[in-house]
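K.L.:
These are the residues of each chain, in order.
There are 2 protein chains.
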Amino acid sequence: MVVEQLESPDPDAVVEAAKTAFRNGAMLTVEAECEVEYEGRTSGYLGPGDRILVAKPDGTFLVHQPTGHKPVNWMPGGGSVSTRVSEGEPVLLARRSNPTERVEVRIHECYGLTRFDATDGATYEESGTEAEMHEYIAENPDVLEEGLRIVEHERETKYGFVDFYAVDANGTPVVVEVKRIQATLNHFDQLQRYVSLYEDGKTPAESPGGGVTAGDGVRGMLVAPSASDRVKRALRDNGLEFVGLSEFGLDAKGSTEAKLTDF
Amino acid sequence: MVVEQLESPDPDAVVEAAKTAFRNGAMLTVEAECEVEYEGRTSGYLGPGDRILVAKPDGTFLVHQPTGHKPVNWMPGGGSVSTRVSEGEPVLLARRSNPTERVEVRIHECYGLTRFDATDGATYEESGTEAEMHEYIAENPDVLEEGLRIVEHERETKYGFVDFYAVDANGTPVVVEVKRIQATLNHFDQLQRYVSLYEDGKTPAESPGGGVTAGDGVRGMLVAPSASDRVKRALRDNGLEFVGLSEFGLDAKGSTEAKLTDF
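Residue numbers (UniProt numbering), protein chains in the order written: chain A, 1 to 263; chain Z, 1 to 263.
None of these hints come from the bench; they were simulated from the model.
Mixed in with the good hints, there may be bad ones.
Because identical chains cannot be distinguished in the list, a pair is counted as satisfied if it fits within a single copy or across any two copies.
What the hints assert, rightly or not - EDC-like, lysine to aspartate or glutamate: derived pairs with alpha carbons at most 16 Å apart:
no., residue 1, residue 2
1, Lys70, Asp58
2, Lys158, Asp12
3, Lys232, Glu87
4, Lys19, Asp58
5, Lys232, Asp189
6, Lys158, Glu199
7, Lys232, Glu156
8, Lys19, Asp117
These figures come from a predicted structure and were not determined experimentally.
Based on the sequences and whatever the hints tell you, model everything.
P.N.:
Written out as structure tokens, the structure is:
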């Protein structure tokens with residue numbers, strides 16, 4: 001069982017499902033009309049309204065209103081979340097010590113509840129911008145292919161900007177899409193859209209003097225530090241090419257923390 | 001329809017449900033095994049893993065891993081979230097301009113999806129701590145009742161701290177629970193536990209010399225700036241009392257912002 005969903009569960013069912021989630025270390029999501037109280041550094045109260053409640057196995061607790069990226073109330077991991085029926089209504093209580101604080105949610109009506117046994121070993125890896133990679137390629141087009149000539153950098157199309165529009169040694173146009181992270185199917189997807197756009201001969205009309213005649217055959221090249229076999233296969237199967245620039249491999253640390261503090 | 005839940009929807013069903021949610025201004029929650037990309041101030045990649053995705057009507061987009069209170073990736077309100085099927089998999093794309101950034105999630109397996117038509121007019125109201133209120137009461141017990149005498153402040157019990165243990169003009173013990181925010185059923189609940197504890201005569205054993213003989217009748221008093229009729233009724237029906245100290249009414253602004261910046 002990866003997820004269990006309950007629609008409009010009664011108070012006892014809410015408490016039972018929540019207890020099971022806490023016991024099993026599952027993520028709990030609740031859609032409910034509720035009241036929220038905070039007590040700790042200050043005291044706070046949020047009157048009745050519809051919110052999404054998220055409880056994580058590490059004790060993290062989030063109360064999200066229908067707008068805004070910040071939870072209206074929250075508790076970091078390290079504490080504990082408990083549940084009980086009180087006055088005929090389910091109550092979720094998240095608390096921790098130092099500082100001693102608590103967020104208590106009284107559920108007036110539970111519309112939906114989801115228990116999610118989630119497994120996630122991945123870590124967010126962050127790298128620099130694509131700009132430095134563009135610079136490098138603009139100055140050294142040979143790293144992509146011997147004799148490749150850059151015709152235009154960041155050409156606008158109806159699908160967005162093509163990173164590089166180039167011509168190879170045989171004069172065949174090449175659409176180059178550059179990614180700073182490991183190539184994904186989304187990137188393949190994007191490159192394919194650009195290439196089909198060229199093949200439809202739409203682009204010259206959109207950016208005159210582009211140096212390519214409508215209907216010309218065109219090559220599509222995805223440039224990234226690396227790519228999974230799945231992505232390489234997708235490219236190959238669709239007549240597209242991959243060029244790996246491993247010198248732009250990721251460095252996970254540091255920047256990730258920086259990213260977090262941005263929040 | 002307040003919520004619609006789908007268990008293990010196929011790619012087309014995910015995209016259709018997501019589009020309906022975006023069209024109707026509903027909150028969307030997805031439990032899925034997915035890959036995440038970020039492109040903007042930097043580039044970032046999060047490999048496959050189980051996460052909860054939340055999209056709000058204002059364009060807010062959150063990616064939550066099983067631990068931690070901060071989303072691993074997110075987009076504030078103001079942008080837009082779109083969806084499509086790509087290479088046979090559902091993709092959610094959240095993007096905004098200035099700064100131009102995008103979070104793109106490729107769903108490898110969708111375990112669950114919930115569409116939530118949420119309505120929430122409430123605003124989080126924050127006030128100071130209870131400390132100042134305790135001080136005020138300790139110095140002016142008469143504001144609670146003529147002739148009331150404070151015997152002990154913050155007496156520990158197995159259920160936590162009783163704010164004030166007092167004795168009225170007739171020598172009857174009074175358990176006083178003080179709240180800095182509008183009284184709620186949770187507070188009523190808490191007071192009732194303390195009172196029953198006294199009536200069970202457990203407390204004297206726990207804190208000797210408490211000045212109350214086991215079995216004595218005891219009054220329970222909830223003190224707060226205000227209380228809803230529902231809470232007042234619950235108290236009355238259970239032989240408990242409410243004392244309103246309106247001078248400690250809430251001031252919503254400012255402190256709320258302070259709270260947000262803590263995040």
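K.L.:
State for each hint whether it applies.
P.N.:
Going through the hints against the structure:
no. : hint               : result
1   : Lys70 with Asp58   : between (19 Å within a copy, 12 Å between copies)
2   : Lys158 with Asp12  : neither (54 Å within a copy, 25 Å between copies)
3   : Lys232 with Glu87  : between (59 Å within a copy, 13 Å between copies)
4   : Lys19 with Asp58   : within (14 Å within a copy, 32 Å between copies)
5   : Lys232 with Asp189 : within (12 Å within a copy, 61 Å between copies)
6   : Lys158 with Glu199 : within (14 Å within a copy, 76 Å between copies)
7   : Lys232 with Glu156 : neither (26 Å within a copy, 66 Å between copies)
8   : Lys19 with Asp117  : within (13 Å within a copy, 26 Å between copies)
In the structure shown, a violation is registered for the earlier hints numbered 2 and 7, in ascending order.
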